[in-house]
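J.: Given only the sequences and the hints, what does the whole structure look like? Please build it.
There are 2 protein chains.
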Amino acid sequence: MSLKALDYESLNENVKNCQYAVRGELYLRASELQKEGKKQIIFTNVGNPHALGQKPLTFPRQVVALCQAPFLLDNPNVGMIFPADAIARAKHYLSLTSGGLGAYSDSRGLLGVRKEVAEFIQRRDGYPRLTSFLGWLDSGSSATVSTLLSYISLLGGTLVPYYLEETDNWGLDVNNLRQSVAQARSQGITVRAMVIINPGNPTGQCLSEANLREILKFCCDERLVLLGDEVYQQNIYQDERPFISSKKVLMDMGAPLSKEVQLISFHTVSKGYWGECGQRGGYFEMTNIPPRTVEEIYKVASIALSPNVSAQIFMGLMVSPPKPGDISYDQFVRESKGILESLRRRARIMTDGFNSCKNVVCNFTEGAMYSFPQIKLPPKAIQAAKQAGKVPDVFYCLKLLEATGISTVPGSGFGQREGVFHLRTTILPAEEEMPEIMESFKKFNDEFMSQYGDNFGYSRM
Amino acid sequence: MSLKALDYESLNENVKNCQYAVRGELYLRASELQKEGKKQIIFTNVGNPHALGQKPLTFPRQVVALCQAPFLLDNPNVGMIFPADAIARAKHYLSLTSGGLGAYSDSRGLLGVRKEVAEFIQRRDGYPRLTSFLGWLDSGSSATVSTLLSYISLLGGTLVPYYLEETDNWGLDVNNLRQSVAQARSQGITVRAMVIINPGNPTGQCLSEANLREILKFCCDERLVLLGDEVYQQNIYQDERPFISSKKVLMDMGAPLSKEVQLISFHTVSKGYWGECGQRGGYFEMTNIPPRTVEEIYKVASIALSPNVSAQIFMGLMVSPPKPGDISYDQFVRESKGILESLRRRARIMTDGFNSCKNVVCNFTEGAMYSFPQIKLPPKAIQAAKQAGKVPDVFYCLKLLEATGISTVPGSGFGQREGVFHLRTTILPAEEEMPEIMESFKKFNDEFMSQYGDNFGYSRM
Ligand SMILES: Cc1ncc(COP(=O)(O)O)c(C=O)c1O
Ligand SMILES: Cc1ncc(COP(=O)(O)O)c(C=O)c1O
Numbered sequence: 372m373s374l375k376a377l378d379y380e381s382l383n384e385n386v387k388n389c390q391y392a393v394r395g396e397l398y399l400r401a402s403e404l405q406k407e408g409k410k411q412i413i414f415t416n417v418g419n420p421h422a423l424g425q426k427p428l429t430f431p432r433q434v435v436a437l438c439q440a441p442f443l444l445d446n447p448n449v450g451m452i453f454p455a456d457a458i459a460r461a462k463h464y465l466s467l468t469s470g471g472l473g474a475y476s477d478s479r480g481l482l483g484v485r486k487e488v489a490e491f492i493q494r495r496d497g498y499p500r501l502t503s504f505l506g507w508l509d510s511g512s513s514a515t516v517s518t519l520l521s522y523i524s525l526l527g528g529t530l531v532p533y534y535l536e537e538t539d540n541w542g543l544d545v546n547n548l549r550q551s552v553a554q555a556r557s558q559g560i561t562v563r564a565m566v567i568i569n570p571g572n573p574t575g576q577c578l579s580e581a582n583l584r585e586i587l588k589f590c591c592d593e594r595l596v597l598l599g600d601e602v603y604q605q606n607i608y609q610d611e612r613p614f615i616s617s618k619k620v621l622m623d624m625g626a627p628l629s630k631e632v633q634l635i636s637f638h639t640v641s642k643g644y645w646g647e648c649g650q651r652g653g654y655f656e657m658t659n660i661p662p663r664t665v666e667e668i669y670k671v672a673s674i675a676l677s678p679n680v681s682a683q684i685f686m687g688l689m690v691s692p693p694k695p696g697d698i699s700y701d702q703f704v705r706e707s708k709g710i711l712e713s714l715r716r717r718a719r720i721m722t723d724g725f726n727s728c729k730n731v732v733c734n735f736t737e738g739a740m741y742s743f744p745q746i747k748l749p750p751k752a753i754q755a756a757k758q759a760g761k762v763p764d765v766f767y768c769l770k771l772l773e774a775t776g777i778s779t780v781p782g783s784g785f786g787q788r789e790g791v792f793h794l795r796t797t798i799l800p801a802e803e804e805m806p807e808i809m810e811s812f813k814k815f816n817d818e819f820m821s822q823y824g825d826n827f828g829y830s831r832m
Numbered sequence: 372m373s374l375k376a377l378d379y380e381s382l383n384e385n386v387k388n389c390q391y392a393v394r395g396e397l398y399l400r401a402s403e404l405q406k407e408g409k410k411q412i413i414f415t416n417v418g419n420p421h422a423l424g425q426k427p428l429t430f431p432r433q434v435v436a437l438c439q440a441p442f443l444l445d446n447p448n449v450g451m452i453f454p455a456d457a458i459a460r461a462k463h464y465l466s467l468t469s470g471g472l473g474a475y476s477d478s479r480g481l482l483g484v485r486k487e488v489a490e491f492i493q494r495r496d497g498y499p500r501l502t503s504f505l506g507w508l509d510s511g512s513s514a515t516v517s518t519l520l521s522y523i524s525l526l527g528g529t530l531v532p533y534y535l536e537e538t539d540n541w542g543l544d545v546n547n548l549r550q551s552v553a554q555a556r557s558q559g560i561t562v563r564a565m566v567i568i569n570p571g572n573p574t575g576q577c578l579s580e581a582n583l584r585e586i587l588k589f590c591c592d593e594r595l596v597l598l599g600d601e602v603y604q605q606n607i608y609q610d611e612r613p614f615i616s617s618k619k620v621l622m623d624m625g626a627p628l629s630k631e632v633q634l635i636s637f638h639t640v641s642k643g644y645w646g647e648c649g650q651r652g653g654y655f656e657m658t659n660i661p662p663r664t665v666e667e668i669y670k671v672a673s674i675a676l677s678p679n680v681s682a683q684i685f686m687g688l689m690v691s692p693p694k695p696g697d698i699s700y701d702q703f704v705r706e707s708k709g710i711l712e713s714l715r716r717r718a719r720i721m722t723d724g725f726n727s728c729k730n731v732v733c734n735f736t737e738g739a740m741y742s743f744p745q746i747k748l749p750p751k752a753i754q755a756a757k758q759a760g761k762v763p764d765v766f767y768c769l770k771l772l773e774a775t776g777i778s779t780v781p782g783s784g785f786g787q788r789e790g791v792f793h794l795r796t797t798i799l800p801a802e803e804e805m806p807e808i809m810e811s812f813k814k815f816n817d818e819f820m821s822q823y824g825d826n827f828g829y830s831r832m
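Which chain is which? The protein sequence lines are A and B, in order. So the working numbering is basically just the index in the first sequence, starting at one, shifted up by 371. So the working numbering is basically just the index in the second sequence, starting at one, shifted up by 371.
Hints are computed from structural coordinates only; laboratory data are not their basis. Some hints here could point you the wrong way.
Any copy will do: because identical chains look the same in the list, a pair fits if it lies in one copy or spans two.
Under the rule of at most 20 Å between Cα atoms (straight-line distance), these lysine to any residue pairs were calculated in the SDA-like manner [claimed, not checked]: (1) Lys708 / Asp697; (2) Lys409 / Ser469; (3) Lys694 / Ala459; (4) Lys747 / Asp817; (5) Lys670 / Ser517; (6) Lys387 / Ser521; (7) Lys670 / Ser521; (8) Lys630 / Leu374; (9) Lys670 / Leu519; (10) Lys426 / Ser466; (11) Lys426 / Tyr644; (12) Lys670 / Glu384; (13) Lys619 / Glu490; (14) Lys670 / Leu382; (15) Lys426 / His463.
Small disclaimer: the values here were computed from a predicted structure and weren't measured.
T.: Structural data, given as structure tokens:
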């Protein structure tokens, strides 16, 4: 009998082969274990702070709640439960819409919020914004990055993987990049785009200015568009390694480069100390993209009609938070600092914890929300994994999950050099639970290493 | 000098050729006119009720506002501005999340809301839901339909256009469909999917049960997946033409068909009497899609991480509105009825208005939010359009816009038979403004027809 359109056998191999490790085998097993209810699962597989107990910031939630319920603004009792600056802000944002949160906005987002984004970028980078340019609002960075990448695939482009240098604080080696691109091109592959995540996921590094310069120069030479995923720009844990935007570095380099390199940068309300993942809001900024191409992107974006409007307001609030003197300023700063400082401490506890384990080495988490320890698996463990039909780090992470409830993502899901193994965890579990989690990890790991023989001659890196 | 990745000349022709009429030339010109501020623009190009003054329903907004501001639930004064049933509902929905509105949900949506959707479908269609199946929540139907269609293109499929029968109340002629598919296949095109919009956009028809049966049989014979866009299922204006879901018709047909036809149905919070377009929430329901394919769709959906959580709650509320006896029931019913009954009257005013114009004929709007009059353009007008380098109905609609501020979408943007011209408007302008809008339309149209010579021998249909 002939196949139907959506029978499994009719599906394209590209779809079947696509892997998405963050919600892959480990996540599915963790969800099963949770359903069985026998084990408490610690979901450190996704950077989802509120799911691990982080409380939302009060002020932005007040503003968006009021925008959802605009009839409250006329209620004589509204001042009893909402501060005056939240009420004023809600009125401000509603005035930027064409019918409140229930109306589609322009597919690039609300013009008024886009202006606030442009001012934020100007304050951050020190360059006056081009009047012709305003960032576009979207419904979260992951959907936008994947749309742009498929857009680039439509152009006949292919993405070529590259490795970060673990011994160089997860920096990029541009010579290696050049080789990868040359090799791909010699195989007839059209390379069109380069993606960097800075601060890094899964690796937690902040790229240095020098490294960013090399990358931009490389993109210019190779005529690549650079997609700069900078969603963790507020998540910085080491003063010596600040976040520097690709846009600023590019502008600092001056003409002709600053007028040449095509750059798209991303930001989101999901990360930072806000962690408003479920709201699905972000922006992207296009630099040196020709106007006619921008028009085409606008046309394609129009098919999805409108980013969600409440998340656009979250983005507006994120780029223009309460100012000194505002009623809500002190509370806002207290809450924000509380979260960021705790993340900083948690980054430290986690790195130190991993580095205290047998056959585990871990770079310090300079930014973002992740720890990416290298697990030096003994040959016997690798053999046991093979027998079980598993990739070695998947084998390790599954055992870790079954033993401790800690749900991680195996390094193989992100790509890693042959014979080297990692896992990714977030630094997001509640601070008070962290010591216990790391203890439970250490206990599991050290037993695992004993079981499979840890004396196999690896030296500490 | 070699091209850069995103130079216009590097873009794929498919992207450049893609047309999206709803936000096309007419919309851009209308936006310009609005910016110039010389003319008040009546945006009837998109079904965006709140942008045209429709007020949001109070109860769902109260619930979502409380979910955004969960700290209010402990505030002793909350009862002064929120009714007790809204407070209870907010607690209910928050209990279904894993960290409130700020946490990513499963990429299929919150399980608890998916159950409410399943119960709604069961009440609507009279079939007990399959325990294995629950609808998936999404961030609006347009993004999901276009993702699924590109998914289907990935399978090597192509979409083949078809026409609706204007003289048969915009029904589908299955013999024509069979011919189109046979012809496409003889040209080596793989046809995989059939899309219907019921109630119809742009045509406003409700498909009859008999017609739906024919369509389902046709999809079965041709092994096509049917995508049933049913976002206007609550927008019904003629009692003799109720909405019937494709799912119900399929189940009524019994085995083997009911177990064979692959069907995906869509719904959204943007339409109905809610009109919550800016919230970006919807669901889709899969029938007879094999579990292994569903797994693949889940994997691909996971890349976007999570539909926005506040919109999921709107969907929950839409499928389980206040019940008789609830504090907010009367107000909810009053508001809902007010909107629906007014839409019904507006549909009537608009159809009658169009039918009173020279060379204009219009089927009655049975459902959805659109009127799709046929404009019988005189040969001289067609000639003038050609001279201006415009498609004839674009020419007409641009003149209409400049003269009256009414922003419509030319029928050519949707596809229409050779030599036949339409425009689409929504029935959404405020009821009290409707007579004036129709008068201004009539004035423009009748003058246009006189100018280009209306005595060219078309007879009224
Ligand atoms: C590098 C990176 N980009 C984007 C995202 C997702 O952002 P959003 O929630 O805006 O889709 C994540 C989420 O973890 C991420 O790690
Ligand atoms: C037929 C049809 N489907 C879907 C949509 C959009 O739905 P959503 O707002 O959920 O993307 C529209 C919007 O006008 C529509 O007309």
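J.: Give a verdict on every hint.
T.: Verification of the supplied hints:
| no. | hint | in the structure |
| --- | --- | --- |
| 1 | Lys708 / Asp697 | within (17 Å within a copy, 43 Å between copies) |
| 2 | Lys409 / Ser469 | between (50 Å within a copy, 18 Å between copies) |
| 3 | Lys694 / Ala459 | within (13 Å within a copy, 35 Å between copies) |
| 4 | Lys747 / Asp817 | within (12 Å within a copy, 82 Å between copies) |
| 5 | Lys670 / Ser517 | both (17 Å within a copy, 14 Å between copies) |
| 6 | Lys387 / Ser521 | both (16 Å within a copy, 15 Å between copies) |
| 7 | Lys670 / Ser521 | both (15 Å within a copy, 16 Å between copies) |
| 8 | Lys630 / Leu374 | between (52 Å within a copy, 14 Å between copies) |
| 9 | Lys670 / Leu519 | both (13 Å within a copy, 19 Å between copies) |
| 10 | Lys426 / Ser466 | between (28 Å within a copy, 15 Å between copies) |
| 11 | Lys426 / Tyr644 | within (10 Å within a copy, 34 Å between copies) |
| 12 | Lys670 / Glu384 | between (29 Å within a copy, 14 Å between copies) |
| 13 | Lys619 / Glu490 | within (14 Å within a copy, 53 Å between copies) |
| 14 | Lys670 / Leu382 | between (29 Å within a copy, 13 Å between copies) |
| 15 | Lys426 / His463 | between (25 Å within a copy, 19 Å between copies) |
Every hint, counting from the list given before, is met by this structure.
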